[in-house]
Structures are given as C-alpha cells and as structure tokens.
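Undergrad: Residue numbers (my numbering), protein chains in the order written: chain L, 2 to 141; chain X, 6 to 166.
For the record, the hints were derived by calculation from the structure and aren't laboratory data. Think of the CB as a built atom: it goes at the ideal place given N, C-alpha and C, for glycine as much as any other residue. A hint or two may mislead.
As the list claims (entries may be wrong) - If you anchor each label on the Cβ, the simulated ranges turn out as follows: (1) L:A13 with X:S18: 32 to 38 Å; (2) L:G25 with X:I93: 21 to 27 Å; (3) L:A12 with X:W61: 32 to 38 Å; (4) X:E163 with L:A98: 29 to 35 Å.
Claimed, not checked - According to the in silico footprint, chain L covers these stretches of chain X (three or more CB under 8 Å from chain L): (5) 71-80; (6) 86-92; (7) 127-138.
As the list claims (entries may be wrong) - Once the Cα atoms are required to be at most 30 Å apart in a straight line, the calculated DSS-like pairs of lysine-lysine come out as: (8) L:K106 with X:K95; (9) X:K91 with L:K106; (10) X:K154 with X:K91.
Each chain, letter by letter, is given below.
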Amino acid sequence: MNQATNLPEWAALLIAVFLIIGAGLTLIGSFGLYRLRSFYDRIHAPTLGTSWGTAGIVIASIIYFSAIEAQLVLHQLLIGAFVTVTTPVTFILLSRAALYRDRAKNSPEVPPLDLPDNTPAPIPQNEQTVHHDDTSAGKP
Amino acid sequence: MSRLLPYPLLVISLIITWLLLAGFSFGQLLLGSIIALIAAWTLAALRPAKPRIKRWDLLPKLFAIVFYDIVRSNIAVASIILHGGKRIGKSNFMTIPLDLRDPTGLACLAIIITSTPGTIWVDYNSARSVLTLHIFDLVDEAAWLNLIKNRYEYLLREIFE
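Only chain X is shown next, with the shape it has when bound in the complex (with noise of 0.2 Å):
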C-alpha cells in the first residue's frame, strides 16, 4: 500500500490542483490521477520526511484562528503605516522558546507567523529550539510570548506530535 501510494496528501492535492485547473471531468480525474502517482513515486525516490497528521478535526479551528488573526493584524499594520510609522511599542526582536519539535509543524509556524503582517519569523536554533522574531509594534513581550505559545503552538502540537 505505502509502496503503491507512498505519499497520501501528495497525491490527493495534486489531482485537486489539476481538476481546479483543467476542470472537473472524468477524463481528466484520470489523467490528473496518472500524473499525480508519477509525481509521487518521483518524490519517493528523494525520501523526504512524512508528515504525520494526528488530529485532522483541528485543522479548520487552526485556519479560523490564522485568518482571523490576519484580517487583525492587516488592519493593524496598514493603520501604523498610514500613520507613517507612529505606533504605542516599537518594533523589535523577541526570543520564544518553543516545545514543538515536528519539522512539518515548524515549517506551518513558519508560514503563520510570517503570512501575518506584524510578525516575522528571523531565527530559529534548532539546537536549543528557540525562536527568534522580529515585531513590528511590541508593546507587551508576555502577550506575544502567550499568542505564539497558547494559541498556535499548542494546536500545531495537538495535530503534529
């Protein structure tokens, strides 16, 4: 089965690409079905790591919480720019240290505090497994600290390990 199929999610996103692009016929469920394996019989030969997603029901919670916390932190940093640059904090660099050791749950970290105006994703030590960020309006570290900790990390724990 593994051998037949060796990346599950792989496969299953590149025949939902393929039908948004080419449009939703039998034929091209085939093809794209086709195309799909051979791509991930490819990546295989590569061995990259499997991602292992424990607890699938939290995935919409985990959207919610991100595009929610976007659409603030738009408004938010589009309001300090129109203001040209004037804000309560100041940017500045703060360290987080973080329990989450699953790379695929690092790498979505990643893109939710990068993807989210206001926070950007500097360092990490893989060493020591801290984090370092840069904010752009940093008025209180233990709110931020608490955010990243509670709020993403604890769920990106929940489904990857």
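The shape of chain L in the complex, shown without the other chains (with noise of 0.2 Å):
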C-alpha cells in the first residue's frame, strides 16, 4: 500500500467516496438482513450489497488501480458482471423455496397456487375437497 502516497489527490478523494458508498450500502445491507422480521423482507436488504454495494468498490478498485498503473485497469468490470448475473439465481431460488413451504403451511400470507386452465382435475372426490380447501385457505 505504499503507492498509495503517489495517488494524486482528486483520485484518492473519489475512490474514498466510491468505497464508503460501496462499503455502506453493503453493511446497511447486512444490518437490514438481522434485523428485518419475515423472510421476504429480509431477502430484500442483501440486493443492496449485491448492487450498488459491489458497484462502489469496483468503481473505487478501477480508479485506484487505473491511477497506481498510470492506464485503464478494467478486468474489475467482470466482478460486477457476474455478481449481478449470478446472485439472481440464488435470490430466486431462495424465495421460491420459501413461496413452497408457505403455501404447504396454508400461510395465509402468501398468494395461493394458481393452477393452469388445463391441469387435471385430482379425480378421487374426498381429494378434490381437500384440494379445494386449500386454494380458499391460501386466500386473505
């Protein structure tokens, strides 16, 4: 880090404002993850780290190292890239797990499955009933 007494000024203001932007929202992120209450609240608060928490500290990353090698250093880009291809699947995957345990609990906080037109109907009467409790129960 002792290059970092050469880094002329203006680019040691900004990456110290990319990075606490970054730095922030990421830790603003995991405090929201503690201390939010239901699951698909809490879901919400790491997209802060996962967006504009890893763009600050690319951003931030780029300038230094842009001004330490005196030319363009662009290979963070790919971080962002793929943290923000990537992280979607596991966010998906997890309120999908979440959606399916809810609706085989009957919460009537979530929205009930809707079945497509042409689903076949469950054909023994007593299941059908059931069945049918179920899509009603789901409903606030």
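Take the two lone chains and join them into the complex the hints point to.
TA: Below is the structure:
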C-alpha cells in the first residue's frame, strides 16, 4: 500500500467516496438482513450489497489501479458482471423455496397457487375437496 | 458459418473476458479466440436456445434506465432499513400478467427485477404467464404494474421479440 502515497488527491478523494458508498450500502444491507422481521423482507436487504455495494467497490478499485498503473484497468468490471448475473439465481431459488414451504403450510400471507386451466383435476372426490379447501384457505 | 461460429455473442464475450483478465496483446487475442471457439463448439453439443437480439440500438437505453432505477431504489431501501423498517406502504406480494414470452427476455427481466433492491422475482407461472413479485415498500400497485409493464417489459419485447 506504499504506492498509495503517490496517488493524486482527486483520485484518493474519488476512491474514498466510492469505497464508503459501496461498503456503507453493504453494511446497511447486512444490518437489514439481521434486523428485518419476515423472510420476504429480509431477502430484499442483501440486494443492496449485490447492486451498488458491489458497484461502489468495483468503481473504487478501477480508479485506484488505473491511477497507480497509469493505464485503464478494467478487469474488475467482470466481478460486477458476474455478481449481477449470478446472484438473482440464488435469490429466486431462496424465495421460491420459501413460497413453496409457506404454501404447503397454508400460510395466509402468501398468494395461493394459481393452477393453469389445463391442469387435470384430481380424480378422487375426497381429495378434490381437500384441495379446494387448500386454495381458499390461502386467500386473505 | 453457423457451424463454424455457433454462438457469436458467447465467443465475443469470452474473448473480452479473456483479454480483460490476461491483458491486451496479439498473442492473448489469438489464444483467447481459440479458447472461446472451442468453448462455443462444446456448448453447441448441448444445443441451448439461441438468443436473438433484434434491436441492438435499444440496449444502451435499457442499461441507462436500469442503472438509474437501481441507484434510486438503493437509496429508498437503505433509508427504510436505517429507519428501522418503517415505511409508507407495506411489503407484500403482487402478481403481474406478462406478455413477454422469449426465454432470454424473461431471464433479463428476472435479473433486472432481482438486482433492483426492493423487488424480488418470486414465481413465474409459464402456463398463464403470470409473474409473482414481492415488493418491499408497496404503496400503489398500479404504479408498480406500470413500471414493470411499460418501463421494462416494453423495452425487452422490443429487443427480443
């Protein structure tokens, strides 16, 4: 980090600003994950860290290494690109799993399963009534 | 042509990735191109669906809109968390009927919605084309419907369909 002393002042200022934005948003996101009550609320908080939390740190890193090496260093952009493309997979998987469990428990807080029209109706009569109760119980 | 270069977009992005990581030089360009071509031929054996981008000119507009919205919703969600979870609306689910059918377009919409703090893609019913979202601060359902349908879905349909 000795090279940091050679940084021009404007670069040091910009790096500091973006690092604080990125690290601050990630911290707020983690705090939200800890403090918020329901699962569906909590899943929103870490997206702060995966959107501008990552972007701020990536931009700060680009400025730092570009200023130190006196040429444009852009490979950090790949981190941003891969984080953006891969995190939705995890988030969607987690939220779908939560929804599946809540629907199985007939939780009134989640929207009921909306079966497509061409779904074959369950044939045994008693099972059909049970299924009917399931969907109506899910409505608020 | 399509046999030799089955996935041009993939090849280009792999070469760009290689050059960003290895540094730009003619040797690295050559090596990166060879690796990208081999990767594309390997992928061709799996025959994944090929995305077709019809309107390249609209991509910068989409990026700009998404970038702006992510900045805005970052501020909104951060301030709600800092206020201990107090907000004007309440967090709730909402369903949106979609007209977008293209799988790549839907994947892009999923990335946009999930990357934007405050909205999470929860479920998609492909038989009915109904999307279920969870929204952190739901005040006006019509405003969100308008946002998703007219701001994102319209552009994605123009680009992919």
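Undergrad: Please flag the earlier hints that this structure goes against, numbers listed from lowest up.
TA: none
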